[in-house]
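Undergrad: Could you build all of it, start to finish, from the sequences and the hints given here?
So the sequence shown is numbered by this note's numbering: it starts at 2 and just counts up by one.
Hints are computed from structural coordinates only; laboratory data are not their basis. Hints are supplied without guarantee of correctness; some may be wrong.
What the hints assert, rightly or not - Quick list of simulated restraints, FRET-style, between CB atoms:
{"id": "1", "residue 1": "148", "residue 2": "37", "range": "51 to 61 Å"}
{"id": "2", "residue 1": "87", "residue 2": "37", "range": "55 to 65 Å"}
{"id": "3", "residue 1": "39", "residue 2": "195", "range": "50 to 60 Å"}
{"id": "4", "residue 1": "174", "residue 2": "194", "range": "47 to 57 Å"}
{"id": "5", "residue 1": "37", "residue 2": "180", "range": "29 to 39 Å"}
Claimed, not checked - Only pairs whose alpha carbons sit at most 20 Å apart, straight line, appear in this in silico EDC-like list of lysine to aspartate or glutamate:
{"id": "6", "residue 1": "87", "residue 2": "51"}
{"id": "7", "residue 1": "87", "residue 2": "151"}
{"id": "8", "residue 1": "195", "residue 2": "69"}
{"id": "9", "residue 1": "87", "residue 2": "159"}
{"id": "10", "residue 1": "191", "residue 2": "150"}
{"id": "11", "residue 1": "191", "residue 2": "94"}
{"id": "12", "residue 1": "217", "residue 2": "51"}
Computed from a predicted model, the values in this text were never measured in an experiment. Even glycine gets a Cβ: it sits at the ideal position worked out from N, Cα and C.
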Amino acid sequence: MKSIILTLALAMVISLAGAQESNNEVRTIFSSSNNHSHGGYGAVMVNYSEINNRDALLIGARGAWVIDHNFGLGLGGYGFMTDPQKDGNLNFEEYQIAGGYGGILVEPIIGAKSPVHLSFPILIGAGGVTYNQHWQEYDEDNDYKENYEDSDAFFVLEPGVELEFNMIKFMRMGLSVSYRYTSNINMSYKDETKGNIGSQDMLRGFNFGLVMKFGKF
2 MKSIILTLAL AMVISLAGAQ ESNNEVRTIF SSSNNHSHGG YGAVMVNYSE INNRDALLIG
62 ARGAWVIDHN FGLGLGGYGF MTDPQKDGNL NFEEYQIAGG YGGILVEPII GAKSPVHLSF
122 PILIGAGGVT YNQHWQEYDE DNDYKENYED SDAFFVLEPG VELEFNMIKF MRMGLSVSYR
182 YTSNINMSYK DETKGNIGSQ DMLRGFNFGL VMKFGKF
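TA: Rendered as structure tokens:
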């Protein structure tokens, strides 16, 4: 964690230094200049997290309108799935936690014209989670049969920081760290005597990943 903080701090210094160049100064969205630049991008994200003490993979996408190089506004979201584990309460069948979430994205960007810079995406939205069997079954008519114990909906707030590299004019690649805060998750086994599935804060935690952006910045 210390190495991550030091790396981000160094990147911020580089970005701020680049922004001081008078001929390449990054304007703010509240600048009095009428010569504003507008662009946009689409992005894909691959993240690792830990959910209820299980390894989890998150695949996401987002799109944003970029205002004057230094502020993004758009939509984003993730789908996630944990590694399956045998559940002693369910005849030791393999079950996993899966779901998704998405919402509005706001993204301040510092030093966007520098080759290495920072952005601070914040995702605000909602999602759903389920506890389902890893290998789904088919009934006698060969129809797909959902086999899950419980599900729940939740609110999510996910602030993050991304260390971005301007690879080519229309592509950026970044390393990301974010914290996923959710409302309480309440899931329980169908057999109520077996209690709850996981803790109420099971979805809260850090994401670590890679983001690739394509567009006009």
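Undergrad: Within 20 Å, alpha carbon to alpha carbon, are residue 191 and residue 94?
TA: holds (15 Å)
Undergrad: What's the verdict on residue 191 and residue 150, does the C-alpha distance respect the 20 Å limit or exceed it?
TA: holds (6 Å)
Undergrad: Does the alpha-carbon distance linking residue 87 and residue 151 stay inside the 20 Å limit?
TA: Distance ~16 Å between residue 87 and residue 151 Cα, so the pair holds.
Undergrad: Does the Cβ pair residue 148, residue 37 satisfy 51 to 61 Å?
TA: holds (53 Å)
Undergrad: Between residue 217 and residue 51, does the CA-CA distance stay at or below 20 Å?
TA: At roughly 34 Å apart (the allowed maximum being 20 Å), residue 51 and residue 217 break the hint.
Undergrad: Quick check: does the Cβ-Cβ distance between residue 39 and residue 195 fall within 50 to 60 Å?
TA: holds (55 Å)
Undergrad: Given a hint of 55 to 65 Å, does the C-beta separation of residue 87 and residue 37 actually sit inside it?
TA: Given range 55 to 65 Å: holds, Cβ gap about 57 Å.
Undergrad: Are the Cα positions of residue 87 and residue 51 separated by 20 Å at most?
TA: This hinted pair holds, its Cα atoms lying about 17 Å apart.
Undergrad: Between residue 37 and residue 180, does the beta-carbon spacing fit 29 to 39 Å?
TA: With Cβ atoms ~32 Å apart, the hint holds.
Undergrad: What's the verdict on residue 195 and residue 69, does the C-alpha distance respect the 20 Å limit or exceed it?
TA: violated (55 Å)
Undergrad: Keeping to a limit of 20 Å between CA atoms, is the pair of residue 87 and residue 159 held or broken?
TA: Roughly 30 Å between the alpha carbons, so the hint for residue 87 and residue 159 is violated.
Undergrad: Range first: 47 to 57 Å. Now tell me if the beta carbons of residue 174 and residue 194 are that far apart.
TA: holds (50 Å)
Of the numbered hints given earlier, the model fails hints 8, 9, 12; all others are met.
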